[in-house]
Each structure stands twice: as structure tokens, then as C-alpha cells.
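Peer 1: Protein sequences appear in the order of chains A and B. Once you know that position 255 of the first sequence is 255 in UniProt numbering, the rest is easy, because the numbers rise by one and skip nothing. Once you know that position 269 of the second sequence is 269 in UniProt numbering, the rest is easy, because the numbers rise by one and skip nothing.
Just so you know, the hints here were simulated from the structure itself, not pulled from any lab data. Treat each hint with caution, since some may be false.
Claimed, not checked - With the Cβ distance kept under 7 Å, some of the chain A side facing chain B (calculated, not the full set):
| # | residue |
| --- | --- |
| 1 | 5 |
| 2 | 7 |
| 3 | 12 |
| 4 | 54 |
| 5 | 63 |
| 6 | 123 |
| 7 | 125 |
| 8 | 379 |
| 9 | 397 |
| 10 | 399 |
A virtual CB, placed ideally from N, CA and C, is assigned to each residue, including glycine.
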Amino acid sequence: MSIRAKIKKNTYLDSISLMSISTQANNIEHVKQAMIGMGTDMNKEVIENVGMTVDEIKKATTGDLIIVIQTDKEDQLDAAMEEVEKLFIRKEDKSETKEKTYNSISSAVEDVDSNIAVISVNGLYAAREAREALNNDLHVMLFSDNVSIEDEVELKKLAHEKGLLMMGPDCGTAIINNTGLCFANKVRKGNIGIVGASGTGSQELSVRIHDFGYGISQLIGTGGRDLSKEVNGIMMVDGIRALEEAPDTEVIVLISKPPEKEVEKKVLKEVNKSKKPVVIWFLGGDEESIQASKGHYAKGSKEAAIKAVVLAGADEDSLNKHSLNLPLIKEVQKKLKPEQKYIRGLFTGGTLCDEAMLAAKEYYEDMYSNISKDEKYQLEDSGKSFHHTFIDFGSDEYTDGKPHPMIDPSARIDRFMEEAADPKVGVILLDFVLGYGSHEDPVGAMVPAIKEAKEKAKAEGRHLEIIGYVLGTDEDRQNLKAQNDKLDSLGVTLSSSSQNLGLLARGFVNKEENNG
Amino acid sequence: MQKVSALSIDNELLKKIEKSNGSAAVLHSYFKHAVNYLHGDEMLAIVSAPIDNAVSTIRVSKENFDKFFLNPSKNIYFTDLGLQINEDWVIDWEETEKWQEEKAIYPKDTRLLAENISLVKENLRKQSKPSWAHEKAVNKNIGSNTFEQAMNRLLYMETEKMFKAIENTPKKVNQLNETKLFGLGKGLTPSGDDILTGTCFVSTIENFPINLSEQQKLWKKTAKEKTNLISATAIYQACHGRGRESMHEFLKAVLFSTEPEVVLNKLEKVLAIGSSSGSEIAWGMIRTIESANKLTHNY
Chain A
1 MSIRAKIKKN
11 TYLDSISLMS
21 ISTQANNIEH
31 VKQAMIGMGT
41 DMNKEVIENV
51 GMTVDEIKKA
61 TTGDLIIVIQ
71 TDKEDQLDAA
81 MEEVEKLFIR
91 KEDKSETKEK
101 TYNSISSAVE
111 DVDSNIAVIS
121 VNGLYAAREA
131 REALNNDLHV
141 MLFSDNVSIE
151 DEVELKKLAH
161 EKGLLMMGPD
171 CGTAIINNTG
181 LCFANKVRKG
191 NIGIVGASGT
201 GSQELSVRIH
211 DFGYGISQLI
221 GTGGRDLSKE
231 VNGIMMVDGI
241 RALEEAPDTE
251 VIVLISKPPE
261 KEVEKKVLKE
271 VNKSKKPVVI
281 WFLGGDEESI
291 QASKGHYAKG
301 SKEAAIKAVV
311 LAGADEDSLN
321 KHSLNLPLIK
331 EVQKKLKPEQ
341 KYIRGLFTGG
351 TLCDEAMLAA
361 KEYYEDMYSN
371 ISKDEKYQLE
381 DSGKSFHHTF
391 IDFGSDEYTD
401 GKPHPMIDPS
411 ARIDRFMEEA
421 ADPKVGVILL
431 DFVLGYGSHE
441 DPVGAMVPAI
451 KEAKEKAKAE
461 GRHLEIIGYV
471 LGTDEDRQNL
481 KAQNDKLDSL
491 GVTLSSSSQN
501 LGLLARGFVN
511 KEENNG
Chain B
1 MQKVSALSID
11 NELLKKIEKS
21 NGSAAVLHSY
31 FKHAVNYLHG
41 DEMLAIVSAP
51 IDNAVSTIRV
61 SKENFDKFFL
71 NPSKNIYFTD
81 LGLQINEDWV
91 IDWEETEKWQ
101 EEKAIYPKDT
111 RLLAENISLV
121 KENLRKQSKP
131 SWAHEKAVNK
141 NIGSNTFEQA
151 MNRLLYMETE
161 KMFKAIENTP
171 KKVNQLNETK
181 LFGLGKGLTP
191 SGDDILTGTC
201 FVSTIENFPI
211 NLSEQQKLWK
221 KTAKEKTNLI
231 SATAIYQACH
241 GRGRESMHEF
251 LKAVLFSTEP
261 EVVLNKLEKV
271 LAIGSSSGSE
281 IAWGMIRTIE
291 SANKLTHNY
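Isolated chain A (complex conformation) (with noise of 0.2 Å):
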């Protein structure tokens, strides 16, 4: 093993970033291990006691920032800490764009030709802001999420009134005239329009969209509470109305968690009313009513997408289903030990989550969730898991003053090694979300635990299964084709879809079932 420590003086980083840099130091290749903090007395005692410790940390003081590097051979110590040092160029480099900053929005309003204002303040403020957006007659992105009910109904009231869309809050994921925000997934141009009250669902949606070649014209994110009964589907209305309009809209698509029932009642009638013809994938939605309304019912996101791109003129026969792998279920299934029966999804998309757990609930009962509307499947503590377990890591519990996990995988890289190391579970379920706002290499880091975990389960005689599902297209940033073969490279089974996690890993667990 080798180290090397540098010691940056009197430097000062807030908490956040010093956390980001070190999640993303610990995933540098050829990395072993780093740490990045101040340079106090005890911090310098526990290096030491690590075996890391060289002469230069012994010279630190408080007010230093430390940072030390492990690696395996001498040779890799100098690429190893000039990426660590490109972390904090480019964390400087950040705060050195070109952007122009106003003091309000009703004060860039006056300066910036735009009709669409993405606000991602703290919750507390969130409101205020959107609606001084909303009073200069600007549509709205709300990011922020902590943003009380009677806000949101007030300003998507007013929204309304005004003839603007109010997208949020808690809004992940919007396309509009091409241009993605947020957390959206970079997609062709096309004629499918989609109103979601999921984030990730719509990411799904529209990237197996153009999966299938074909590609979205707007993407109008609602928020998740936006069927609820308090808010009563204001913005899904509103959306499909205004897709109803849009010339560039062919097909339209909406997608929900489960929604209250009336509400449901509300959009089913508004779909009626429509000209176009309406794919409806709500989660755990009543067929018979969407069908009485004549809406195209889909049961998940990828029949959701077929039924859109088959409406908006494909030929069905004609697309790649990928269809399930029935040979790689029964070698899995032979691989598995008798005790190694329980799936563990590790999520960090909630719908992802959702679709994949829906797909295996249809095999097996005892499916646990933090995210579980039945409290009976509730887990009562979502540190620990219990039966078939699957985790939204993006859910409030694990946000509340992080970073989405889409961006800070680290809490999700504990947990996957704890569920590796459990002799009862047989697979384990990750998704990796690309996109505009996402970690720039989300399967890069979580390349050191996988392989650490593949040869831990080996020197105990154990095969651990991996399925992951790469959420992207290929004209996202992060590079989907490299990010697949990253798992690939890794052992782990690539899924097409998040429906396909769900079915692939019922399958594999399943000694009985024969045909997957």
C-alpha cells in the first residue's frame, strides 16, 4: 500500500462540498481509500491508527484541510491525487461561470427575454418565489420540494387563473420545446407529449420512448402530490389541455403514482374530452375506468411507451420488446443456494422502485418497502431490511439535507454492501439514473463496492447476483453505452428496463418457476 497526503492551508470548505469531493475522491481509480477533512488533533489520531498517516499530516493545524490517498502501488499515487485535485479546480471553476445573477426574479424578468422561470430554493422560500414567477407571467419549474399543501394548491390556483403551467413542486423532471430540465434524460424531438406526476417515471417514459426511435415533444412535470385529493389534479388538467392544443403534440401520455380516486374521476373526464388519443400508465390504475374513458391503458412504462410510439404511427411488429432473457433466469436460479431467496432492490428512482417492486409483487407477498402504500408491507424500519425488500433512496428520509442520490450516491453505497453481505439474499437491484442534473458517472461509483462485494460473496462459496438498469439514452452526457459496459465489465446483469428488474429478479430467486 501506498500514501500520500497533501495539506491545503487555511482552507475552508463547507460541509457539503467537502462531502461531495470525498464520495467522489473515494471512486478515483486505483483509489483504495482517501480522506478528505480538517486537520485537527483527533482527526490526524484516527489516520494514524488507520496506518495512514505520513509525515506531512503531523504539520497540519486546525484550520488546514488534509487530504490523504492510499493506493495500491507507488506509481499510481501521482494520477490518483491530481484527480483528487481536479475535484476542487473544478468545484472553483463552478463558481466561475459566466452566468449573470439577479437579486430577484422580478429583476431578471426585466432583463432576460424568457417565459419560464426553475426555482430550487429552500422550501421555506420556494413558494415566495414561485409566486413572484407566476405574477410576472412566468410558467414554473419548482424544484424545491418542503413546500406546504395549501402553497401549492394556491399557486397552481393561480397558475391556472393566469394561463401558465406551475410544474411542481417537487418537480424532477420537465422537457419543454426541447430543452430538458432538471433531471430529464436528453431525448429526441417527436410527437408524444407527457404529463407526469412522477419524475423518474416520466424519465422512464420518455426514454423508452426513443428507445423505440421515436421522440417527445413537451414533457410537463405536475409534481407528485399533484392527484392528490387536496390539489385535485390541477396541473395534469391543465397539462393535457395544453398538449391538447400543441400542434407538435400528437399522443399523449399521463403517468401517476396512484391516484385518488375522484381525482382520477377528474382527468378520466378530461381525457374524454380529448381529440388526441391518451396513454394512461397510473400506477396500480383502474383498467376498466381508463378504458370507459377512452384512454389506452398501460400497466407500466414500457406498454405505456409501446402503446404511445405504436398511436403516434410505428409498426409494433417492427420494435425490439427485449424481451426476457428465460436461459440467463434458469442458470441464475441454479447458481442461487437453497437460503438465498430474498430480492434486495436498492432504488434511487421512486417509481423505478415502484415498477420494479409491482413486477414482483404479482410472484411474491411478503414485498417490503419504505415506500409501500400498504401500511401492512410499510417497513417499520427502513435502516433494516426485511423479506424482499426494495428502498427509494430518494425518499424525504434519506434526502433531508443531502443530496438526491442521483447526485450523492454514498448512503446507497452503505446499504448495498450490508444487503451483499447477507446470506439470505440472492439479488440485489440498482438502478443508475442518467440525465441534465445526474452524477456525472453514477455506475463509476458504485464500480469499487459491486467489486468488492462479487468477491466477498465468492471467498464465501456464495453467488451474488446483481441486476442493474442504466436509465438513459445515448445522447445523454454520461455515456449509456460506457456506463453498460461498466456493469458488464463488473459480472452484473444489464436489465432494459425497470419493469424487467422487477420480472428478472422474481425469476431468479424463484426455484419453482420454469418458465420466468
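Use these hints to put chain B onto chain A, whose structure you have.
Peer 2: Positioned in the frame of chain A, the structure of chain B alone reads:
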């Protein structure tokens, strides 16, 4: 010269500034949402609008300081107009809200406490916050490498040791003197310091059943030697019962609120501090109240 409006200002700071007309403060450090200056031995902060009120702090009408008034100035001056930055900007607080800390008093009737303590602890445990603070830190390796695992284990053990010692003061005073929490942990304000901040903040309130005043005299000195100035300042202020608005409100909610939603809502505001600092401050606060409550069953 352009004016930047202050949204609110710590009233105690204002009194000091009024006495310091013409004197200068020197830039110490700056971040996205805060700029720290040293005025003599004291640190004062200018923070952006989304940050809550705090001791020695001025909140201004900026969303962040990514472009902090063009460049962070090395010196700022207290003038008749307000706080002058470079030659271009002045922070004006003539019309602004003066924030006055309202310190809590430990209740005579502590019936509510046990319930609120377990509510907060359970909520933090469910969220695994702080990540190292729960029992598994000793038995399992929490952290992605051996350094983090060793750090987390030590944090857990030292924290537990401190709270046991607090429950047994003054018998275990030596253990409190020798705590290894100062400067221990990741982050700008190391985790151990944040725990101490929470503990000191709570234990100074009127009628608090455990007397840690002698301890705090020592801790204020130790903090200066063992950790960075930002962290040491927070501990120093906490030893005088001073902290952020969210900490005051959370403390009052735990001591007096009968509504679980209110307690959890106030907890969330504390958790929003920093990366993990909020959860560590909250843990320090709630465990200290718990220690006190074990010693007093006066209902």
C-alpha cells in the same frame, strides 16, 4: 455605492456594531451561503436569505454568495451607513428586523419530556441520523473505507461515554475533561464538535438539572486548541446558550410542545443545517435533555 438590504440582524451584534463605528473586520472564510469575518476575537457572519437567524449573524437579501458582491472583500468596515464591503456595497439594516434570541427555561413539570425525547430519538433512528450514532456503529462497520469506519466507531464510543459521564456528574468529571470529541469527524465543523455544540447549548438554560458550567469553561479553552475557529466559535457561543434560531425553536418544542408534528417540524429545521451537522447538533441536544430527564422525575 449600492445598498444591499439586510433581512434581519442579531440584536446583540447590532449593539456591538454600534459601538464599533469605523472599525474593520477581516475576512476569515466564505461559502455559498455564508461569509465569516473576524472582528477582534469574535466571528461574525453574513448569510444568505435561505439561512436562519443566528448569533452574530446578519441575513441579507441574496439567495447565495456564488458571486459574493463581485469578490469577497478582505476587509469590511462599520460605518454610519451600515456595513461597507469594498467600495461598492453597503449592507443597510436601518429598517430591518432585529432578531433577539429567546432562551428557554427548563420546565418544572417534565411529564412531556420523556414522550418528546423518544419521539425525536425514534425519528432520528429511523432516518439513521447521525449515521454513526446508533448501536450498529460498534458492531458493524459504518462507512465506505477503514478510515470512515474507525472514525464512526470512535464517534459512537466517545459520544456514549460523554453522555454516561454527564449522567454521573460530578463523579465522572474526568471523563468529561478528557473527551476526544473535539475536532473528531468529517466536515467543516467535525461531528464531535457538533455534538458538543448541542450539549453545551442545552445545558446552559435556566434551571437545567445538571451543572456543567465548570466543564464549559474548560471546553471553551479546549475548543480553541483542538478544532478550527468556525467550530470553536459555535461551541463557545453554545456555552453561553447562544445558537441558531432553529436550535432555539427545536429546544422549546421538545420542552413544551404537546404536538408531535410541531416537534418533528422543528427537528427538520435543525437537520437542515450543513451536511450532517444538523443531525449531530440535534443528537447532542436530545441526548443531553435525556440525561437530565433521567435525573429528575418531578411529577
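Peer 1: Now, for every hint given, state plainly whether the structure supports it.
Peer 2: Consistency of the hints with the structure:
1. Hint status for residue 5 (chain A) relative to chain B: violated, with the closest Cβ pair at about 12 Å, above 7 Å.
2. Below 7 Å, beta-carbon pairs count as interface contacts, and residue 7 (chain A) has none with chain B, the closest being about 14 Å; its hint is therefore violated.
3. The beta carbon of residue 12 (chain A) is positioned within 7 Å of a beta carbon in chain B (closest approach about 4 Å), and the interface hint is therefore held.
4. Nearest Cβ of chain B to the Cβ of residue 54 (chain A): about 14 Å, over the 7 Å cut. The hint is violated.
5. Against a cut-off of 7 Å between C-beta atoms, the interface hint on residue 63 (chain A) holds, since the closest Cβ of chain B lies about 5 Å away.
6. Look at residue 123 (chain A): its Cβ only gets to about 9 Å from chain B, farther than 7 Å, so that hint breaks.
7. Hint on residue 125 (chain A) holds. Least Cβ distance to chain B is approximately 6 Å, under the 7 Å limit.
8. Contact between residue 379 (chain A) and chain B, as hinted, is not supported at the beta carbon level, the nearest pair being about 9 Å apart and thus beyond 7 Å.
9. At its closest, the beta carbon of residue 397 (chain A) sits 5 Å from a beta carbon of chain B; the interface hint therefore holds under the 7 Å criterion.
10. The restraint placing residue 399 (chain A) at the interface with chain B is violated, with a minimum CB-CB distance near 10 Å, outside the 7 Å limit.
In summary, the numbered hints that this structure violates are 1, 2, 4, 6, 8 and 10.
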